[in-house]
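Chains as they are written, first to last, in this note's numbering: chain Z, 1 to 303; chain Y, 304 to 573; chain F, 574 to 703.
Since the hints were derived computationally from the structure, they do not count as laboratory data.
All clues given are correct.
Derived lysine-lysine pairs resembling DSSO-like cross-links, with alpha carbons at most 27 Å apart:
{"no.": "1", "chain 1": "Y", "residue 1": "463", "chain 2": "Z", "residue 2": "11"}
{"no.": "2", "chain 1": "Y", "residue 1": "402", "chain 2": "Y", "residue 2": "455"}
{"no.": "3", "chain 1": "Y", "residue 1": "332", "chain 2": "Z", "residue 2": "156"}
{"no.": "4", "chain 1": "Y", "residue 1": "489", "chain 2": "Y", "residue 2": "402"}
{"no.": "5", "chain 1": "Y", "residue 1": "560", "chain 2": "Y", "residue 2": "455"}
{"no.": "6", "chain 1": "Y", "residue 1": "463", "chain 2": "Y", "residue 2": "489"}
{"no.": "7", "chain 1": "Y", "residue 1": "463", "chain 2": "Y", "residue 2": "397"}
{"no.": "8", "chain 1": "Y", "residue 1": "463", "chain 2": "Y", "residue 2": "402"}
{"no.": "9", "chain 1": "Y", "residue 1": "402", "chain 2": "Z", "residue 2": "11"}
{"no.": "10", "chain 1": "Y", "residue 1": "455", "chain 2": "Z", "residue 2": "11"}
{"no.": "11", "chain 1": "Y", "residue 1": "397", "chain 2": "Y", "residue 2": "489"}
{"no.": "12", "chain 1": "Z", "residue 1": "261", "chain 2": "Z", "residue 2": "56"}
{"no.": "13", "chain 1": "Z", "residue 1": "11", "chain 2": "Y", "residue 2": "397"}
{"no.": "14", "chain 1": "Y", "residue 1": "455", "chain 2": "Y", "residue 2": "397"}
Predicted model, so just to flag it, every value in this text is computed and none were measured.
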Amino acid sequence: MQHQASWLHRKRTRDVALVACFLLPALTIFFLYRILPLGWNLWLSFHTWSPLKPAKWIGLEHYEEMLLDDDVFWQALTNTLIFIGASPLAIAAALGIALLVNSDLRGASVYRTIVFTSYPLMTVAVGIIWRWLYDERGGFINYVLRSSGVVDEPVKFLQSFDLALACVILAEFWQVLGFFMIILLTGLQSIPQHLYEAARVDGVPPVARFFRITLPLLRPSIFLCIVVGILNSFTSFDLVYVMTNGGPGHATELLITYIYKSGFGQTRFDYAAALTVVQFLLLIVLTWLANRLSGGNAGAMER
Amino acid sequence: MRRAPTWPRHAIMVAVCTLMLIPFYWVVKTSLTGENIYAYPPRILPQDPHLFSYVDVWYLIPFTRYLLNSLIVTAMAICGNLLFNTAAGYALTKDFPAKRWVILLFLSCMLIPFQATIIPAYLITSWLGVLNTHLGIALPLLSTIICIFVFKASFEAVPKSLIDAARIDGLSEWRIVVRIMLPLSKPAIATNVILTFIWSWNAFMWPLIVTRTADMQTLPLGLARFLSVMENTTGALYAFVVMVLVPGLAIFLMAQKEFIRGLTSGATKG
Amino acid sequence: MSAGIDWRAMVRHRFFYVPVALAILTAGWNAYVAAYDDGLIEGEVHDAAGKPIPGATVIFFERNFVNYQEKFRATTDAAGRFRFTDMQVHIGQLEARVEDGRRSERFQMNLWFRSQNVQLPPLVLGSPRA
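Based on the provided sequences and hints, a complete structural model is requested.
In structure tokens form, the structure reads like this:
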């Protein structure tokens with residue numbers, strides 16, 4: 001009995017040791033590059049620090065500066081919120097396309113591929129492509145507007161205080177539309193057909209079928225699209241860097257570009273850390289809000 | 304029952320696809336044209352098309368250097384991912400104390416976007432001494448949580464009888480993974496490879512932060528750098544864009560199914 | 574217990590033949606380039622009637638950002654042909670001149686790769702300047 005217990009004990013610890021070994025590399029990477037930075041950001045935001053001087057506790061001074069003195073922060077925050085707020089438009093458009101492509105249309109897979117091709121491209125390249133489309137001289141958009149007589153002078157899209165952000169958002173839409181479409185398609189295809197059959201037998205008109213059956217069952221996919229839309233405002237650094245670099249005059253400055261400029265342009269790592277904490281909180285709050293609006297539980301329906 | 308006519312749907316889809324393809328066409332047209340690209344009005348078709356802009360770009364910028372850097376970083380990321388994610392996915396199929404906490408840990412790491420970590424990640428990389436090296440660029444990309452769960456799901460689908468038989472045969476755990484589970488998880492491997500490829504090939508912000516010298520730059524960085532170097536009247540910049548996009552597009556078109564499957568498996572998991 | 578590799582199925586799979594085809598194309602192109610990269614630029618100078626002109630000066634302009642600047646000169650031999658050797662360029666302009674003031678038009682030369690051997694079309698001298 002004693003011998004057996006110790007044998008089991010050894011095998012169990014061997015198992016656990018093996019599992020730990022297997023998990024260790026992945027866990028190290030995530031610890032180093034996700035968890036530790038999160039805590040470090042928080043710590044750094046409460047100190048002043050530069051690479052040559054030791055850190056000193058200053059409490060909420062950075063946050064005070066950010067919220068009270070920093071106009072660029074508020075501009076960046078507004079721009080980021082506008083960016084996020086525009087994503088429902090893209091989701092609606094993607095939903096329309098997904099509905100069209102979902103039916104047994106001949107060549108549906110070709111349409112799907114074409115719409116989705118813009119997603120796996122380098123965002124830097126997408127930025128350059130759209131920069132050229134918006135160009136006053138050689139750009140397609142100005143050409144269409146001028147030759148159809150809508151405007152007389154070329155419109156300086158990316159240098160206009162009012163239009164620049166909309167232009168960047170449009171470029172983002174072009175890239176992310178395919179992704180939303182795929183997510184929504186997957187959701188559409190997982191809706192059981194018998195629900196539609198039952199509704200048709202009951203004489204429910206198509207529009208009502210859409211709103212009562214399709215939309216509610218699509219909630220998890222829509223929730224995912226909303227979360228991706230929120231994250232896109234953070235990952236759009238590439239687009240803004242290449243298209244406008246935050247200009248003209250911070251009109252397209254997003255939180256993430258401002259963080260980059262503070263941290264690596266002005267080398268104010270501590271202030272950038274405080275900005276990152278605020279951005280992360282924004283992400284959490286918005287995701288939680290989206291969760292609540294989709295009915296909780298990431299939108300999943302009770303059956 | 305009369306079917307609704309399908310031509311309106313086709314018409315809308317053709318219109319949508321045309322809109323989606325116009326940016327590609329415009330850039331390709333600009334890279335091929337033989338005239339001053341800033342002349343107004345821009346022509347719809349390239350005038351005097353020639354491929355010499357591509358030759359020019361080849362000698363003007365260190366394209367092979369950028370390509371090599373991107374390839375090395377991507378190869379490192381793919382190898383690291385396959386190794387680490389397989390191991391972690393397999394470990395998650397077993398029962399062990401604190402398993403729930405570990406899974407929760409992984410899921411919560413998914414909530415932390417990369418952009419929330421750049422400042423400390425830079426400091427950590429510099430502390431590790433791998434700043435401005437291929438390893439430094441690849442390090443945060445060496446493991447992704449979505450792929451761990453893809454492997455976990457795939458491994459859990461392997462029938463227990465096979466594993467038990469292998470254990471009786473005396474295979475060690477790692478051998479079980481390699482000889483039994485991986486060959487049965489080819490879709491998971493393909494998904495992992497293609498997702499890692501796309502993410503590390505297109506990565507811009509992290510290499511921007513980590514590289515300090517021009518000869519370590521990857522393709523996206525080279526592209527952004529070329530943007531600021533010269534504004535010439537030939538389509539050289541756009542030839543560069545096309546050259547940069549072609550490998551990514553080719554790989555995507557070749558592995559579409561796996562890519563889409565990888566993205567949606569992450570979606571339905573959520 | 575584990576499945577063996579099915580070679581025939583693997584070769585037909587797109588993940589195999591696409592990279593292999595690309596590798597073969599790349600190797601073929603590199604071989605072509607290696608065979609033809611001696612840097613020889615050859616051509617003829619004709620007058621307006623089509624007669625070859627010996628002793629004409631041919632100037633090679635190399636590109637310098639947005640301009641072209643004179644770099645090399647060569648003289649046509651008795652048959653009106655000229656040749657530049659050891660050229661390390663992929664782009665340039667050429668012009669032929671004669672002592673009595675006649676010049677040819679600037680010929681824009683675009684090559685496919687650096688130091689490509691190329692036979693240019695004849696440079697035709699225009700009428701003498703007033």
